Amino acid sequence: MATLLTPGPRLARLRGFSLLTDGQRFLLLSILIGIFSGLLVVCFHIATDLVSWFLLSAHQHPLRTLLSPALGGLAAVLMVRFLFRAAKGSGVNDTKAAIYISDGYVPFSTVIGKFVTCSISIGAGNSLGPEDPSLHMGAGVASLLGRVFHLTRDRMRLIAPVGAAAGLAAAFNTPITGVLFVIEEVVAGWSAGVLGSIVLSAVSAVVVARWFLGNEPLFLVPQFELTHLSELAVYAFTGVVGGLLSALFIRLVGDLRDRLHRLPYWMAYVNPLAAGLLVGVAGLWLPEVMGAGYPAVDSALHDRFPWHTLLTLGLVKMIVTLLCFSAGTPGGMFAPTLFTGAMIGGGIGALAQHYWPAPTSGPSAYVLVGMGTFFAGVFRAPMTSVFMVFEVSASYVIILPVMIANTISYLISRRIQRTPFFQMVARKEGLDLPSLEEQREALPLRVEEAMSPAGACVLTADMSVGRALEEMRRRGVRDCLIASSRGSWSAVRITEVEAALAEGKGQEILGAALPLEPLPRLYPDVPLDSALRLLGSHPVLPVSSRARPHKLVGSLTLADVHRTYGISGPETGRE
Amino acid sequence: MTADISPPVEGPQIGHTVSPVDLFFIFVAMAALLVITGFLTKAYRSERAARARRYFESGQQLAGRGRDVEAIDQYGQALAITRDSSQYRLALALALMRLDRLNEAQTYLQEVLRTDPTSGIANLMLARIAARQGKYAAAEAGYNRAIYGYWPDNEEQNRIEARFELLDVFGKTGAKQAAVAQLFELLEAVPDDPQQRLRIAQLLLKYGAPVPAADVFREIMRADGQNAAAFAGYGEAEYQLRNYRDAQNALRQAVRLNPGDEAARARLEDADRILALDPTIRGLSWAERYRRSAALAQAAADAAGRCYASSKTEPSEAAAQLLLSARQLPGKRPRNYADAVDDNLALAESLWDLRVKQCGAAPGPEHVLARIFAELER
Numbered sequence: 001m002a003t004l005l006t007p008g009p010r011l012a013r014l015r016g017f018s019l020l021t022d023g024q025r026f027l028l029l030s031i032l033i034g035i036f037s038g039l040l041v042v043c044f045h046i047a048t049d050l051v052s053w054f055l056l057s058a059h060q061h062p063l064r065t066l067l068s069p070a071l072g073g074l075a076a077v078l079m080v081r082f083l084f085r086a087a088k089g090s091g092v093n094d095t096k097a098a099i100y101i102s103d104g105y106v107p108f109s110t111v112i113g114k115f116v117t118c119s120i121s122i123g124a125g126n127s128l129g130p131e132d133p134s135l136h137m138g139a140g141v142a143s144l145l146g147r148v149f150h151l152t153r154d155r156m157r158l159i160a161p162v163g164a165a166a167g168l169a170a171a172f173n174t175p176i177t178g179v180l181f182v183i184e185e186v187v188a189g190w191s192a193g194v195l196g197s198i199v200l201s202a203v204s205a206v207v208v209a210r211w212f213l214g215n216e217p218l219f220l221v222p223q224f225e226l227t228h229l230s231e232l233a234v235y236a237f238t239g240v241v242g243g244l245l246s247a248l249f250i251r252l253v254g255d256l257r258d259r260l261h262r263l264p265y266w267m268a269y270v271n272p273l274a275a276g277l278l279v280g281v282a283g284l285w286l287p288e289v290m291g292a293g294y295p296a297v298d299s300a301l302h303d304r305f306p307w308h309t310l311l312t313l314g315l316v317k318m319i320v321t322l323l324c325f326s327a328g329t330p331g332g333m334f335a336p337t338l339f340t341g342a343m344i345g346g347g348i349g350a351l352a353q354h355y356w357p358a359p360t361s362g363p364s365a366y367v368l369v370g371m372g373t374f375f376a377g378v379f380r381a382p383m384t385s386v387f388m389v390f391e392v393s394a395s396y397v398i399i400l401p402v403m404i405a406n407t408i409s410y411l412i413s414r415r416i417q418r419t420p421f422f423q424m425v426a427r428k429e430g431l432d433l434p435s436l437e438e439q440r441e442a443l444p445l446r447v448e449e450a451m452s453p454a455g456a457c458v459l460t461a462d463m464s465v466g467r468a469l470e471e472m473r474r475r476g477v478r479d480c481l482i483a484s485s486r487g488s489w490s491a492v493r494i495t496e497v498e499a500a501l502a503e504g505k506g507q508e509i510l511g512a513a514l515p516l517e518p519l520p521r522l523y524p525d526v527p528l529d530s531a532l533r534l535l536g537s538h539p540v541l542p543v544s545s546r547a548r549p550h551k552l553v554g555s556l557t558l559a560d561v562h563r564t565y566g567i568s569g570p571e572t573g574r575e
Numbered sequence: 001m002t003a004d005i006s007p008p009v010e011g012p013q014i015g016h017t018v019s020p021v022d023l024f025f026i027f028v029a030m031a032a033l034l035v036i037t038g039f040l041t042k043a044y045r046s047e048r049a050a051r052a053r054r055y056f057e058s059g060q061q062l063a064g065r066g067r068d069v070e071a072i073d074q075y076g077q078a079l080a081i082t083r084d085s086s087q088y089r090l091a092l093a094l095a096l097m098r099l100d101r102l103n104e105a106q107t108y109l110q111e112v113l114r115t116d117p118t119s120g121i122a123n124l125m126l127a128r129i130a131a132r133q134g135k136y137a138a139a140e141a142g143y144n145r146a147i148y149g150y151w152p153d154n155e156e157q158n159r160i161e162a163r164f165e166l167l168d169v170f171g172k173t174g175a176k177q178a179a180v181a182q183l184f185e186l187l188e189a190v191p192d193d194p195q196q197r198l199r200i201a202q203l204l205l206k207y208g209a210p211v212p213a214a215d216v217f218r219e220i221m222r223a224d225g226q227n228a229a230a231f232a233g234y235g236e237a238e239y240q241l242r243n244y245r246d247a248q249n250a251l252r253q254a255v256r257l258n259p260g261d262e263a264a265r266a267r268l269e270d271a272d273r274i275l276a277l278d279p280t281i282r283g284l285s286w287a288e289r290y291r292r293s294a295a296l297a298q299a300a301a302d303a304a305g306r307c308y309a310s311s312k313t314e315p316s317e318a319a320a321q322l323l324l325s326a327r328q329l330p331g332k333r334p335r336n337y338a339d340a341v342d343d344n345l346a347l348a349e350s351l352w353d354l355r356v357k358q359c360g361a362a363p364g365p366e367h368v369l370a371r372i373f374a375e376l377e378r
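Line by line, the protein sequences give chains A and B.
Numbering (my numbering) for the first sequence: 1 to 575.
Numbering (my numbering) for the second sequence: 1 to 378.
Keep in mind the hints are simulated off the structure, nothing from the lab.
Take the hints with a grain of salt, since some may be wrong.
To be verified - Once the Cα atoms are required to be at most 20 Å apart in a straight line, the calculated SDA-like pairs of lysine to any residue come out as: (1) K135(B) to T227(A); (2) K176(B) to A137(B); (3) K42(B) to L213(A); (4) K42(B) to D49(A); (5) K357(B) to T313(B); (6) K206(B) to N243(B); (7) K42(B) to L50(A); (8) K135(B) to P359(A); (9) K551(A) to Y523(A); (10) K135(B) to F224(A); (11) K42(B) to F224(A); (12) K172(B) to Y136(B); (13) K88(A) to I101(A); (14) K357(B) to Q298(B); (15) K357(B) to S311(B); (16) K42(B) to V207(A); (17) K42(B) to S52(A); (18) K42(B) to L443(A); (19) K551(A) to V458(A); (20) K88(A) to I112(A).
Stated by the list, open to error - To list a few chain B residues with every Cβ distance to chain A over 10 Å, as calculated: (21) D168; (22) A181; (23) K206; (24) A320.
Stated by the list, open to error - Some chain B residues near chain A, calculated using beta-carbon distances under 7 Å: (25) T37; (26) L40; (27) Y44.
Please read these numbers as outputs of a predicted model, since none were measured by experiment.
Heads up, the beta-carbon is just placed ideally off N, CA and C, and yes, glycines get one too.
Build out the structure end to end from the sequences listed, making use of the hints.
Quick look at the structure:
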């Protein structure tokens with residue numbers, strides 16, 4: 001049936017639709033997703049600010065400061081409970097669930113639910129961030145558009161991360177961060193098609209967001225320079241502290257959530273109320289810890305706080321975020337982790353300025369570096385954390401300390417707290433989603449660990465059938481490689497040789513008597529599961545050196561693979 | 001392991017089953033969302049600008065009442081809302097400077113310069129911070145950028161003030177030539193402002209350029225015959241140029257016009273004393289020359305004696321002899337005044353040399369003697 005997108009052949013040629021491949025149409029859909037996500041994120045940003053202006057303003061009555069987070073959190077939780085159930089979880093986990101569980105399905109009510117509930121909870125001052133809800137809304141929009149366009153199952157699975165990248169990129173105004181985070185944390189790798197779609201959607205979303213909200217980066221960052229090489233040690237220490245604190249934070253989130261979930265069901269309404277009240281109490285003393293906290297980070301970047309204030313803000317923010325998130329108040333964690341890391345880093349920098357024996361940069365440099373360390377330690381996305389700091393600051397000078405501190409934080413956090421944050425949260429919510437960090441860290445088995453060394457049965461194509469059979473029987477093998485004069489390899493089974501002999505071809509050479517098809521080559525560094533795909537069609541495969549492809553360094557059979565994987569059973573290829 | 005999105009083996013491909021109605025609604029939804037977002041953004045920006053303005057104005061009021069700490073908070077709130085405002089940033093920086101929070105102020109000013117590198121006021125503020133921190137090279141560069149930078153209003157006045165402040169930096173670094181060059185630029189900038197020209201002339205004197213200073217003072221005096229400061233300045237310039245008669249006349253006029261000017265009065269006394277003591281002034285009789293040369297020798301002896309006494313040192317035999325000779329001068333009647341004058345002057349110079357060798361530069365009242373002897377040396 002002809003439709004607008006599939007007109008008849010003549011019209012299609014005129015309009016050129018048939019010139020677009022399926023992949024290209026997917027890319028165009030990605031742009032559409034980016035535009036929708038960008039528009040939604042802009043509206044969400046405005047809504048959150050409007051709520052904040054209405055509920056919280058400078059010099060308001062203390063009672064308002066005290067009660068706004070509590071009432072906002074309660075209202076948001078009630079809405080999630082009774083109106084928008086699908087908006088309950090973490091955006092990252094729901095996007096992963098869309099890939100691995102629900103074939104790309106993210107209900108559209110999620111989008112509306114996240115928009116309404118998170119703009120209220122964050123705008124009311126709860127210590128949560130807007131980025132995860134933006135990511136979730138992007139995934140929801142993408143899923144809806146995927147369903148409208150009737151994508152195949154494979155493509156539907158990937159459509160949610162495309163939208164997620166768009167939402168995150170628009171929220172942070174950082175296209176690279178949005179792309180990298182989704183690749184590092186959600187899809188665990190990329191092919192040309194995936195990368196193209198994610199990049200296009202992220203870029204489209206950021207273009208839309210900048211069109212409406214302006215081009216400014218998230219923070220206006222002062223100029224930096226590395227004052228003294230020994231300063232790198234202080235940055236490294238910042239990474240150590242960031243790693244320790246992030247591991248502690250993850251553990252505390254897990255423990256507190258467990259404790260709160262063991263309480264009676266009606267406590268699900270009391271918890272956000274209580275958490276909000278505690279945020280309000282903290283807000284009376286330190287209003288900077290309320291909401292996402294970006295203005296306070298900006299002030300810290302301008303050296304507005306002394307070291308004790310910076311450290312206090314970082315620790316209090318960590319606590320109130322822990323309370324809000326564990327209590328189930330809707331909202332994200334990205335902004336609070338940036339805040340916490342920034343303040344702790346700044347505090348360390350301010351102390352170093354007084355006590356480090358060599359000259360150091362101002363605390364604002366450490367605020368910037370610290371921002372990434374806590375993020376890297378909590379979310380275990382080291383590349384994203386580095387690029388994020390680079391993108392929000394537009395400062396390349398700071399990249400070296402950022403790389404050092406973030407990597408140290410990531411390694412320490414990983415060492416102390418094995419389960420990453422999102423996986424821990426998913427398990428608490430009853431989902432067993434794959435940990436992409438663990439997948440990355442898992443050492444793949446390679447051909448070189450399974451192959452039999454060169455010297456296993458190798459015949460030549462000009463060997464006679466009879467002689468070949470003798471050789472195979474002498475070695476006790478069922479399959480042999482045959483080397484041709486052209487440098488390629490073939491394989492032969494003993495049953496084929498016996499059949500040829502029975503046909504009276506005993507004196508003929510193997511090359512004439514049997515059909516010898518060239519085999520694909522393996523190399524020692526090839527992952528074993530790639531080799532396994534080829535062993536289905538071939539009983540034995542040659543393993544060559546990449547430097548000298550005609551030189552045989554070993555052979556690989558299914559029995560070799562089974563042995564390496566520890567699978568016991570009747571061996572093939574050996575009698 | 002990568003997620004493979006190569007074309008599926010089975011199943012419909014993208015778009016082949018999208019109905020035109022669905023597609024139409026998608027684009028209508030996008031258009032509607034665009035329009036809604038546009039309106040929302042417009043209202044949001046307007047409200048945001050209004051809120052920022054209110055915070056800023058509140059900050060201005062607080063700053064006007066000297067409540068800078070609270071003003072900083074208000075400016076900070078305004079900047080948190082509209083981060084691209086140089087005006088708010090400058091106001092915040094100024095308030096921080098008033099509270100001596102120079103590092104923070106510097107950060108904000110550098111941000112202003114990033115977007116507007118020719119901002120006169122930002123460059124001026126940074127120069128002031130650098131000067132307060134003792135970073136005179138940076139201060140000089142900042143003041144120069146301020147002088148040639150962009151000023152939204154009172155351009156000339158601000159440039160002039162920046163030049164005057166730059167002069168302070170030159171004064172601290174001892175760059176007298178640069179200071180004088182700057183003063184010449186200032187003179188060109190204020191051709192019709194007698195107050196400023198008077199100020200410039202006084203600074204020319206301070207930085208060791210009495211000739212142009214005298215020219216400027218003279219010009220002011222011609223225009224305003226009652227300007228006591230101009231007369232005082234001119235008198236001082238002529239004094240420095242060793243034109244003591246002209247200095248005396250000008251300083252007399254200055255003291256007459258402004259009896260309370262103690263500096264002018266003191267300088268007049270110096271000029272009077274020099275003119276009373278200097279034996280080389282033209283038109284004096286030989287007797288008067290002799291009398292003055294003898295008085296000069298005695299004054300030199302007194303100065304030398306005070307010097308030995310203060311340093312608790314005994315004069316050498318030769319020095320003692322010289323001191324004695326000087327003390328024997330009163331009451332002597334020379335046979336030949338010309339020779340006697342020369343002898344007295346030689347004695348006086350010898351005694352003065354002793355005093356300088358023993359005690360160094362001449363302080364206070366003895367600087368008059370130093371001037372006279374400098375003239376004699378010429």
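Each hint tested on the structure:
A C-alpha spacing of about 17 Å is found between K135(B) and T227(A), which places the hinted pair at or below 20 Å, so the restraint holds. A hinted pair counts as satisfied when its Cα atoms are at most 20 Å apart, and K176(B) with A137(B) qualifies at roughly 15 Å. A hinted pair counts as satisfied when its Cα atoms are at most 20 Å apart, and K42(B) with L213(A) qualifies at roughly 10 Å. Distance check on the hinted pair: K42(B) and D49(A) sit about 14 Å apart at the alpha-carbon level, within 20 Å; holds.
For the given pair, K357(B) sits about 13 Å from T313(B) by alpha-carbon distance, which is consistent with the 20 Å threshold. Between K206(B) and N243(B) the alpha-carbon distance is near 18 Å, which keeps this suggested pair within the 20 Å criterion. Proximity of K42(B) to L50(A) is assessed by CA-CA distance (about 13 Å); at most 20 Å being required, the pair is judged to hold. Note on K135(B) and P359(A): the hinted pairing holds, with a Cα-Cα distance of about 17 Å set against a maximum of 20 Å.
Pair hint K551(A) plus Y523(A) holds up; C-alpha atoms about 11 Å apart against a cutoff of 20 Å. Restraint check for K135(B) and F224(A): the C-alpha separation of about 19 Å stays at or below 20 Å, so the hint holds. A distance of roughly 35 Å separates the Cα atoms of K42(B) and F224(A); the hinted pair therefore is violated under the 20 Å criterion. For the given pair, K172(B) sits about 8 Å from Y136(B) by alpha-carbon distance, which is consistent with the 20 Å threshold.
With a CA separation close to 17 Å, the supplied pair K88(A) and I101(A) stays within the 20 Å bound. Our distance criterion of 20 Å between C-alpha atoms is met by K357(B) and Q298(B), whose separation comes to about 18 Å. With a CA separation close to 12 Å, the supplied pair K357(B) and S311(B) stays within the 20 Å bound. Straight-line distance between C-alpha atoms of K42(B) and V207(A) comes to about 17 Å, which keeps the hinted pair within the 20 Å bound.
Taken as a hint, the K42(B) and S52(A) pair is honoured in the structure, with Cα atoms around 18 Å apart against an allowance of 20 Å. Taken as a hint, the K42(B) and L443(A) pair is broken in the structure, with Cα atoms around 53 Å apart against an allowance of 20 Å. Note on K551(A) and V458(A): the hinted pairing holds, with a Cα-Cα distance of about 12 Å set against a maximum of 20 Å. For the hint pairing K88(A) with I112(A), the CA-to-CA distance comes to about 12 Å; that is within 20 Å, so the pair holds.
With a closest Cβ-Cβ approach of about 27 Å to chain A, D168(B) is found to remain outside the 10 Å limit, as its non-interface label requires. Annotated as non-interface, A181(B) keeps its C-beta farther than 10 Å from every C-beta of chain A; the closest such distance is 32 Å. Non-interface status of K206(B) relative to chain A is upheld: no Cβ of that chain comes within 10 Å, the nearest being about 37 Å off. Under the 10 Å C-beta cut-off, the non-interface status given to A320(B) relative to chain A holds; the minimum distance is some 61 Å.
Hint status for T37(B): holds, given a least beta-carbon distance of 5 Å to chain A, under 7 Å. Below 7 Å, beta-carbon pairs count as interface contacts, and L40(B) has one with chain A at about 5 Å; its hint therefore holds. Satisfaction of the interface hint for Y44(B) is found here, the shortest Cβ-Cβ separation to chain A being roughly 5 Å, below the 7 Å cut-off.
Going down the numbered hints, you'll see the structure goes against 11, 18, while the others check out.
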